[in-house]
Amino acid sequence: MRRYHVCLVLCRMMGPLRVIVAEWPQNQFFNMALEEAIYLEAKRPTLRLWRNDRAVIIGRYQSPILEVNALEAKKLGVKLVRRFTGGGAVYHDLGNVNYALTLPSCESIDIEAMFRLMGEAIVEALKSLGINGACYRPLNDIEVNGLKISGMAASRTSNRAFIHGAMLVSSDISTLWRILKISKEKLSDKKLTESKIKRVTTVREALGKDISLNEVYEVVANAIAEKFAFKAMWGEVEYDEIKRSLDLYRRKYSKLEWNLAYVNELKALISKEEENALKDISTPDPAQERAIEGLEA
Amino acid sequence: MNSDKILCEEKKHFGGKMVKVCVKAKENNVRGVIITGDFFVDPEEKFDELTNKITNLEVSLDNALTSIMNIIRNGNIKFYGISLEDIEYVLKRILVLLKQ
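First to last, the sequence lines map onto chains A and B.
Sequence positions in the first sequence follow the working numbering and run 7 to 303.
Sequence positions in the second sequence follow the working numbering and run 4 to 103.
Some hints here could point you the wrong way.
Derived DMTMM-like pairs: lysine to aspartate or glutamate, alpha-carbon spacing no greater than 25 Å straight-line [what the hints assert, rightly or not]:
#1 A/273 - B/61
#2 A/187 - B/91
#3 B/49 - A/113
#4 A/261 - B/47
#5 B/8 - A/29
#6 B/49 - A/126
#7 A/49 - B/48
#8 A/258 - B/48
Calculated directly from the structure, the hints in this document are not laboratory data.
Excised from the complex, chain B in its bound form (with noise of 0.2 Å):
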């Protein structure tokens, strides 16, 4: 049996803080997300709630980057050091390594 692959990639904004995000993947699935660095985030708890949704979110590999973006937008999460477009770009680079 296929057990679960977790691909980790990370992004530095120019001049400012590190984004590291994990995929956690199984055949054609995502099977959960995780997103640390060393940048600050406003709201605090936001950031925790966002995290709860998408560690253990399940989705095709092709509506990945739709879905994950999505909750990560509808978080309203101020985000000091990175910018939601570092999260977008590390992410796609994961996705694109998963289905190769």
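Bound conformation, chain A alone (with noise of 0.2 Å):
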């Protein structure tokens, strides 16, 4: 028996698995802390479903200023945070579709284990929606025919596991393009230039028709409960997790300082006005705040 099956045993004692639609997509920060929140209080095993509005979600290592072409993003209304797990910058929007697994007293899966089930389950909600030549690339990518429709990334502490992807439904992609900061080594392996950049597609263009939201929903949290052999069962975000990630939100998330790390020390290789968009997008600003008012109480 692999070792990470007695982890998954133990994570199933803990009850079913509780699938929850949370999401608060004008104010991504919060949404990153909320993310980081139901993972820290691992109180069941849970699957979150959930969307962002528009934003560059960047790798726990990655610098913005390598990644992100601020002025632009400015430019577009698009913000940026950083989350907590590793990996690639991603973007969000409203036509993208995010799902977090928390593992509770999961500890001896590994981080590739991980990606390979959630690949393999994502690969199957993609067949269930109709769409043919889906695959899990390693590391950490779906593809529909050599195009990635899904990224993943996950984290792991001594007692408990957490991995959670985005998946393209019908994303403007040509934002993604025009706020990324795509170098020449990254398209190395992937024969294709600059000026023909087609990496990734959409579940829209894949089936090539819109498809409702919660079909989307229901078919990732089957695939998923049926690969990590739970029951699901749907249910609500607690206080705790709302307390936590406001806590989160508020230290964390909110701040240029976890937004924009790794920036101080390469601030010599941008100009002060894409500096100064940095610091502007990685910041909530008023309505964002006024988002979440309501859950102070």
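Build the complex: two chains, separate frames, hints provided.
See the structure below:
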């Protein structure tokens, strides 16, 4: 028996998989705080499904200076938030569906095993939607006929595991290319040139038609529950999770110290205008603060 | 007075992830190293410790490669998507450029 099977058995003993749709798309900083809060609380196996409004979400070990075209992002009203997991920058908008699985009491599963299991689950979900040619591409991508449709990231501590991903359903891909700095090295093993970038696709493009959000949520939830052998039960986000996410939001996700890590040391590489744009897009604006006002009570 | 010079280079692990290394230098000394990218690490807090150790590291250009790679190797970090050799390769490239 593989070592991680033991941890999944222990995790299943904590009850069914709670599936929640919990999102505050207008405040991308709070949405990311909630992502970590659910993982840190880890009361029971949980699958969160959610969306963000326009934002570039960078990996924990990335420098915004090297990854994001801040002037373009500011012009387009795209915010920048750093997530707590590694991996690369992704573009979120309301046409993108995020899935996040928290597995308490599961420490022996390694990152590669998590990616493989979740990758296979998302491939099954895409097949259920009627999409042919989907496959998991290690380390952390899911592709349809060679084009990326979903990427994943993961984290693990001494007593829990976490894996999340973003699936392009009907996202505006053109914005993605405008705000990300794509290096020639990144394209080097994909036989593509910068003038002919076609590395990603969406569910809508692969199906040739629109699909409802509820259908996507249902198919993804069922596929993940089945792959990890859980019984799924739809539930709600809890008070303690909201409380913890508000704390994380105030201390971490709304702060430049977190979102603009690896920037101070490299500031000499950018103009003052770009630096100011980076600060602007990495800070919640008053309307975003208002979007979560009611949660403080 | 000469100001710090920053050089960044990157390498994509074939079929894997990208590592981007930036080195801050002045005259014949390295004055800090930043390692970033879309890779994954385990345990994560060890990478934060590594970053703290090398961000303001002062070492001569001649000794930089050995010193930096020793710190990274002693960090006991498992990298996913990139290898230690990738980091070493990029570092070497930057140090050669800085010595020119």
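Going through the hints against the structure:
1. A/273 - B/61: Holds, at about 19 Å.
2. A/187 - B/91: Within the cut-off at roughly 24 Å; holds.
3. B/49 - A/113: holds, 17 Å
4. A/261 - B/47: Between residue 261 of chain A and residue 47 of chain B the Cα gap is close to 20 Å, so the pair holds against 25 Å.
5. B/8 - A/29: Between residue 8 of chain B and residue 29 of chain A the Cα gap is close to 44 Å, so the pair fails against 25 Å, i.e. violated.
6. B/49 - A/126: Between residue 49 of chain B and residue 126 of chain A the Cα gap is close to 30 Å, so the pair fails against 25 Å, i.e. violated.
7. A/49 - B/48: holds, 23 Å
8. A/258 - B/48: Satisfied, since the Cα-Cα distance of roughly 16 Å is no more than 25 Å.
The earlier numbered hints that this structure contradicts are 5 and 6.
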